[in-house]
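A.B. asks: Got chain A sorted already, so can you dock chain B onto it with the hints?
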Amino acid sequence: MKYEPVVDKYISYLTDEAGFIQGSAERIYFPTNISEIQEILKEAYDSNIRVTISGGGTGVSGGRVPLGGWIIATDKLVSVKGGSPWKDEESGIEYSVKLSRSDTTELTVPAAMTVKAIQNYARQYNLYYPPDPTERSCFIAGNVASNASGSRSFKYGVTRDWIQALSIVTPMGEPIKLIRTGNKIGDKIIIKTETKTYNIPFPDYYQPKTRKNVAGPNIDENSELIDLFIGSGGMFGVIAEITIRLIDKPADIINMFVYCNTIDIALELVSRCRYQRDNNIQPIPLSVEYVDDRAVRIIHEKDNSVPNAKALVIIEQEFKDEMDNFLEFYLSVFDELGIEDTSVAQTYKEIEYHKFLRHLIPETINALVKSYGQSKLGTDYAVPPEHYKTIVELGIQAGNKFENEFGFDNIGYAMWSHAGDAHIHLNFLPRNDVEMHRAKELMVELLREVVKLDGTIAAEHGLGKKTFLGKPALFYQIGERGLEKIREMKLVMDPKNLLNAGNLFPVQLD
Amino acid sequence: MKVVTLLKVTPDTETKFQINSAGTDIAEDSSIEYIIGPYDEYGVEAAIQIKEKLGGEVISVTIGSGNEEKSIRKAMAMGVDSGILINNADLKSSDPLSIAKAIKEVVEPLNADIIICGKLATDTSDSFIGPALAALMNIPVISEISSLEVTEEGVVATRDAAGRKERFESKFPVILTADKGLNEPRYPKLPMIMKAKKKPLDKKDTAGTEIRKNVTQVKAEFPATKSAGKKITGTPDELVSELVTGLTTKEKIL
Chain A
1 MKYEPVVDKY ISYLTDEAGF IQGSAERIYF PTNISEIQEI LKEAYDSNIR VTISGGGTGV
61 SGGRVPLGGW IIATDKLVSV KGGSPWKDEE SGIEYSVKLS RSDTTELTVP AAMTVKAIQN
121 YARQYNLYYP PDPTERSCFI AGNVASNASG SRSFKYGVTR DWIQALSIVT PMGEPIKLIR
181 TGNKIGDKII IKTETKTYNI PFPDYYQPKT RKNVAGPNID ENSELIDLFI GSGGMFGVIA
241 EITIRLIDKP ADIINMFVYC NTIDIALELV SRCRYQRDNN IQPIPLSVEY VDDRAVRIIH
301 EKDNSVPNAK ALVIIEQEFK DEMDNFLEFY LSVFDELGIE DTSVAQTYKE IEYHKFLRHL
361 IPETINALVK SYGQSKLGTD YAVPPEHYKT IVELGIQAGN KFENEFGFDN IGYAMWSHAG
421 DAHIHLNFLP RNDVEMHRAK ELMVELLREV VKLDGTIAAE HGLGKKTFLG KPALFYQIGE
481 RGLEKIREMK LVMDPKNLLN AGNLFPVQLD
Chain B
1 MKVVTLLKVT PDTETKFQIN SAGTDIAEDS SIEYIIGPYD EYGVEAAIQI KEKLGGEVIS
61 VTIGSGNEEK SIRKAMAMGV DSGILINNAD LKSSDPLSIA KAIKEVVEPL NADIIICGKL
121 ATDTSDSFIG PALAALMNIP VISEISSLEV TEEGVVATRD AAGRKERFES KFPVILTADK
181 GLNEPRYPKL PMIMKAKKKP LDKKDTAGTE IRKNVTQVKA EFPATKSAGK KITGTPDELV
241 SELVTGLTTK EKIL
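Chains as they are written, first to last, in the working numbering: chain A, 1 to 510; chain B, 1 to 254.
Only chain A is shown next, with the shape it has when bound in the complex (with noise of 0.2 Å):
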């Protein structure tokens, strides 16, 4: 099997988007189908060499930086056996897919195939992929590694809801099947392949009570044998093709700017979207984001159309003849909490921009914080809804404290958040090693707090290679039993523990 060496040509494969850990690796393949992998896969185990998946890079936990050994570039997965071919135009990638239209909607894709070119081809179709993750380059692939979610699930649930069939192959090269039949598992987990039984012990540690949440493999009684992969961070094999369900296209989709003069009011107009939904009243809205003022500054720095609101909510709508009744609600609410400035995004092209809106603020603040030579550092935390005031309250708290210490002519932290799942990104913008380490330190009182209200210390990042003062992220939330736990589990189908190896528990590093 082919493979290339390491050079500088391929250096970006040793870290990712986040950039706060850079790897090191021998070789780099190019796998285009599945017996491939499983031909490099096979020969990796037996010669007892570690190897490192590599989706689209555009994660931020360091799952795809490898640890030595060699890396499996995903890129030209492009195909699906028996699939027909499909060029989007966007990106100019010829795909090959499967389409099948029963009782559902099935589309089958390989791994390299983007959230976004997914997306154009269910709206050539008239079709619908709800999961909607804010960076849409990424790979398919990657976001069923890590449950990605993004701002619909508020409405649509995550990645995992949407997956109905998965391409595996195991840590030691042989391919399996899993598709989602509604067989729960009960207490067991057993994996089956052509030569093996795998009997996986059953996870034990804490699961936190919200909405999402993919902080280690994430399975109860009711869960089925696909879920163990997904958003476990590729550590039980290689995933290399995927079926997803798609909908029919909503008629009408709104993008609604919502601009708040106090934190209180934002809030409150979430806990209003939050109550339609959890009482399943019409209008529920596919996304509410909350967004803070330093967040919105942003913004307004592109388009001075936007003003320099004290936050700014996003609401997204969508509509088939309902239109009237949904915009007279939020009208009233509007009124009722004395909002109004608001901007609506109608038309695809200005809902896209709006995206694009949204989407500067990850990017300027991870452009700034490298620009200052750190790393990125922001939480992915979740809190059951009814906590969602208080997360926020403690976050600007926890922000302004650090702004305070150390004094910022430019924003020393921002927050936004997928309000509706009552999931925060606090970012902090340090602008040295001593700022980056009173941070951290930050982060993890707020990490504390988090468990404290039964939260989650990674609802849709994943925890990768990210460590804390020291310790694995997931430490936190498990405790050193819960980490020996998930050890037991990947053991089992990978006892030399060599693919994905450093993702979610440490390794010892050669």
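Bear in mind the hints are in silico, worked out from the structure with no lab data behind them.
Predicted, not measured: the structure shown is a model, and the values here were computed from it.
No false leads were slipped in.
Partial pick of chain A residues on the chain B-facing surface, computed with a CB cut under 8 Å:
| # | residue |
| --- | --- |
| 1 | Asp8 |
| 2 | Glu89 |
| 3 | Gln124 |
| 4 | Met256 |
| 5 | Ser305 |
| 6 | Tyr330 |
| 7 | Leu331 |
| 8 | Phe334 |
| 9 | Ala345 |
| 10 | Gln346 |
| 11 | Thr347 |
| 12 | Tyr348 |
| 13 | Glu350 |
Virtual Cβ for every residue (Gly too), placed ideally from N, Cα, C.
C.D. replies: Leaving out everything else, chain B in the frame of chain A:
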């Protein structure tokens, strides 16, 4: 100040078209999103800004074939006060001169001070209607404007021509065609979207003018696809050597 804005509704420029089964035109299916023609939208925004500055009203005029009301309502949410829609598929697919004559029939009685439209219709790529209407109505036209100042006395507008900026002045009435850069069309506020639903939209089947179709579109096809380019990566030295090799051996340019 009375401003008329000519508003053509066109498929979103990013629409992926299919050709209809007869092979004569694009297929009108539900995957097409109809929008206010992008240049006409600059005209709508300009018209609203004039009204905000000097008072008066803005009326939109549209020749359509059934896909237009949503976009007209959006223009109303931006600030257009009322609209006239001539719904006639034969007229819409007739020749541009017939369309200009129909618009004249509708617009002339309105006695507008300013008539503004986009410099170009993005679906048919014609820049005809504004200047043709000016000729038919025998009033001045300033085309492709990228800035505009309006006072009680008249308009001052500039056009970005090749390598220079041209400045024009005119009294009323005048026809203006809008270029990119004239303004940034606003996004409506929610209450305006609600109000827009109740604004008057006068729908008619005909402008009462003769419809001629001197030219018939007989075929539509996609342009031949170019073979994909090759992306080269590597260190500067590798790039140069690969580029030179490609240009000499493959493209035979060097």
